[in-house]
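**Q** Next come the chains, spelled out residue by residue.
4 protein chains.
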Amino acid sequence: MDFYDYHYRVIYADTDRMGVTYYGHYFRFFEAARNEYFRELGLPYAECEKKGIFLPVGEAHAKYIAPSTYDDELIVRTSVSHLGASSIKFQYQVIKKETGKVITTGDTLHVFVDKTLRPCRIPDEIKAKVNVHALLRSKS
Amino acid sequence: MDFYDYHYRVIYADTDRMGVTYYGHYFRFFEAARNEYFRELGLPYAECEKKGIFLPVGEAHAKYIAPSTYDDELIVRTSVSHLGASSIKFQYQVIKKETGKVITTGDTLHVFVDKTLRPCRIPDEIKAKVNVHALLRSKS
Amino acid sequence: MDFYDYHYRVIYADTDRMGVTYYGHYFRFFEAARNEYFRELGLPYAECEKKGIFLPVGEAHAKYIAPSTYDDELIVRTSVSHLGASSIKFQYQVIKKETGKVITTGDTLHVFVDKTLRPCRIPDEIKAKVNVHALLRSKS
Amino acid sequence: MDFYDYHYRVIYADTDRMGVTYYGHYFRFFEAARNEYFRELGLPYAECEKKGIFLPVGEAHAKYIAPSTYDDELIVRTSVSHLGASSIKFQYQVIKKETGKVITTGDTLHVFVDKTLRPCRIPDEIKAKVNVHALLRSKS
Chain F
1 MDFYDYHYRV
11 IYADTDRMGV
21 TYYGHYFRFF
31 EAARNEYFRE
41 LGLPYAECEK
51 KGIFLPVGEA
61 HAKYIAPSTY
71 DDELIVRTSV
81 SHLGASSIKF
91 QYQVIKKETG
101 KVITTGDTLH
111 VFVDKTLRPC
121 RIPDEIKAKV
131 NVHALLRSKS
Chain G
1 MDFYDYHYRV
11 IYADTDRMGV
21 TYYGHYFRFF
31 EAARNEYFRE
41 LGLPYAECEK
51 KGIFLPVGEA
61 HAKYIAPSTY
71 DDELIVRTSV
81 SHLGASSIKF
91 QYQVIKKETG
101 KVITTGDTLH
111 VFVDKTLRPC
121 RIPDEIKAKV
131 NVHALLRSKS
Chain A
1 MDFYDYHYRV
11 IYADTDRMGV
21 TYYGHYFRFF
31 EAARNEYFRE
41 LGLPYAECEK
51 KGIFLPVGEA
61 HAKYIAPSTY
71 DDELIVRTSV
81 SHLGASSIKF
91 QYQVIKKETG
101 KVITTGDTLH
111 VFVDKTLRPC
121 RIPDEIKAKV
131 NVHALLRSKS
Chain B
1 MDFYDYHYRV
11 IYADTDRMGV
21 TYYGHYFRFF
31 EAARNEYFRE
41 LGLPYAECEK
51 KGIFLPVGEA
61 HAKYIAPSTY
71 DDELIVRTSV
81 SHLGASSIKF
91 QYQVIKKETG
101 KVITTGDTLH
111 VFVDKTLRPC
121 RIPDEIKAKV
131 NVHALLRSKS
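Protein sequence lines, in the order shown, are assigned to chains F, G, A and B.
Letter 132 of the first sequence, counting from 1, is numbered 132 in this note's numbering, and no numbers are missing.
Letter 98 of the second sequence, counting from 1, is numbered 98 in this note's numbering, and no numbers are missing.
Letter 75 of the third sequence, counting from 1, is numbered 75 in this note's numbering, and no numbers are missing.
Letter 49 of the fourth sequence, counting from 1, is numbered 49 in this note's numbering, and no numbers are missing.
Extracted from the complex, chain F is given alone in its bound form (with noise of 0.2 Å):
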């Protein structure tokens, strides 16, 4: 699997008063695009936090190229675009269904952990299953 196209409508409660989606519940989607691809892969990241093995964000980023707005369908194209031996990276990029076009593209940047929080290395389960694929170029 390349990458997992995450589905969602926006809500009201997702739009601030400029009529549009607020910049920061990009991250909610980028979340739950995330969640899903786990799950289509065999691999639900409920799963591996039963067995002691969590996904802190180290680094979170967004560009915004156009808003979207209350009842848009959006897809988030989800991949993962690096496995480090301790880190995984995901790529997303929101599409707006109605026209087609990128309305906003992020990262996020994960260590693995166990719980006492310290770094671990990344489960073979997961390398087995994940197939890096960059949706981005470049440092985002």
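Worth flagging that the hints you see were computed from the coordinates, not collected in a lab.
A portion of the hints provided could be inaccurate.
To be verified - Keeping only pairs whose Cα atoms sit at most 30 Å apart, straight-line, the calculated DSS-like set for lysine-lysine is:
1. A/K96 - A/K50
2. A/K97 - A/K63
3. G/K50 - G/K96
4. B/K50 - B/K127
5. G/K63 - G/K89
6. G/K115 - F/K50
7. G/K115 - A/K97
8. G/K51 - F/K51
9. B/K51 - A/K115
10. F/K51 - A/K101
What you are looking at is a predicted structure, and each value in this text was computed from that prediction instead of being measured.
Once you have looked at the hints, place chains G, A and B on chain F.
**A** Relative to the frame of chain F, chains G, A and B by itself:
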């Protein structure tokens, strides 16, 4: 102390595309207000938790009389309107500072529970310090 | 249609450090559910707005019976329990899919208003299509 | 003014079930901090909007160094690190008050636009008052 006045300034994140504070966000304001009510009493809720006492919400209610919007200064007047054997009820009046008008009222009912989430008797320390005072009449 | 079942999966953003869905976020779920109720009727709320009809929330209420947590699948069963001359009341039952148990109930009261925020009569189109059906008894 | 220190106390709503502040909520804190930065300059953002000037976010970034949790007092140190012809960049350092340690850094890039969302030149009033000052080095 009959009530505590918590001050809050509305940010973009609180508003929705109707240009007003999203109805669900008032429950955030209520939470922040009751945190500060406890702190003012000398009983920070974080201290309660260290002692193994938690206060999950059993019921929540809000009545929206007039809207607030970006940059409005709000006063969330907060009182304890009822103390039961193992429960506590808070009432809230959200006042627009500029006009002095009450724009939203609400209440939340909480149950004292221990670490195993079983209801427990209200701690004596709280019983001794809390002054029951109703801001609102009747069912709200 | 007596009610509509909106499906939602809890994400990390919805939870708080007690490990459960934050009480205020259920009002987001209620909003998403009534959006989909209207869409299912063939009356998307976005269409209402284009016609200059808005439905601000006048009152909101939730009763928390049992918690939900990360990755839980929730069904938000949604009905219209009352139609007034210019108001509409929704009722909600949040059901944990895995157990079939109702974990939260709630209701929201809305007023039909025009662009100037003045109450207006309920549109005939809505009156004709909505089937009044109570999910919950009594005051809630 | 080189920077402005915005004070914020973490509430339950900000935390997630890992027990720490949810990564996406830091962007709320950043927004509140830059609102207060402008107010301190004597240029409340609400006033800018009344003049038909808006500042949508073009890019946002955060780096999470250490967690914060419920009831932590945070200082969000905020500066303007760059002023372009029609853009402005803010930098943020989130400091845990108790320890004085920087727990999160971030930046946001904004474009000045008019009512039609077309980029416009940075208002002279802002240019005259803002003192460009970098909190963070390099790309962040």
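**Q** Are G/K50 and G/K96 close enough, with their CA atoms no more than 30 Å apart?
**A** With a Cα-Cα distance of about 35 Å, the restraint between G/K50 and G/K96 is violated, given a limit of 30 Å.
**Q** Are G/K51 and F/K51 close enough, with their CA atoms no more than 30 Å apart?
**A** Between G/K51 and F/K51 the Cα gap is close to 29 Å, so the pair holds against 30 Å.
**Q** Going straight from one Cα to the other, do A/K96 and A/K50 come out at no more than 30 Å?
**A** Between A/K96 and A/K50 the Cα gap is close to 35 Å, so the pair fails against 30 Å, i.e. violated.
**Q** If you draw a straight line from the CA of G/K115 to the CA of A/K97, is it 30 Å or shorter?
**A** 26 Å, holds
**Q** Between A/K97 and A/K63, is the straight-line Cα distance small enough, at 30 Å or below?
**A** Given pair A/K97, A/K63 holds - Cα atoms ~18 Å apart, limit 30 Å.
**Q** Can the restraint linking B/K51 and A/K115 be considered satisfied, given a maximum Cα separation of 30 Å?
**A** Distance of about 23 Å is within 30 Å: holds.
**Q** Between F/K51 and A/K101, does the CA-CA distance stay at or below 30 Å?
**A** 27 Å, holds
**Q** Is it true that the CA of G/K115 sits at most 30 Å from the CA of F/K50?
**A** Cα-Cα ~20 Å, so holds.
**Q** Given the hinted pair B/K50 and B/K127, is their alpha-carbon gap at most 30 Å?
**A** 18 Å, holds
**Q** Check whether the Cα positions of G/K63 and G/K89 lie no farther apart than 30 Å.
**A** 16 Å, holds
Consistency note: the structure conflicts with the earlier hints numbered 1, 3.
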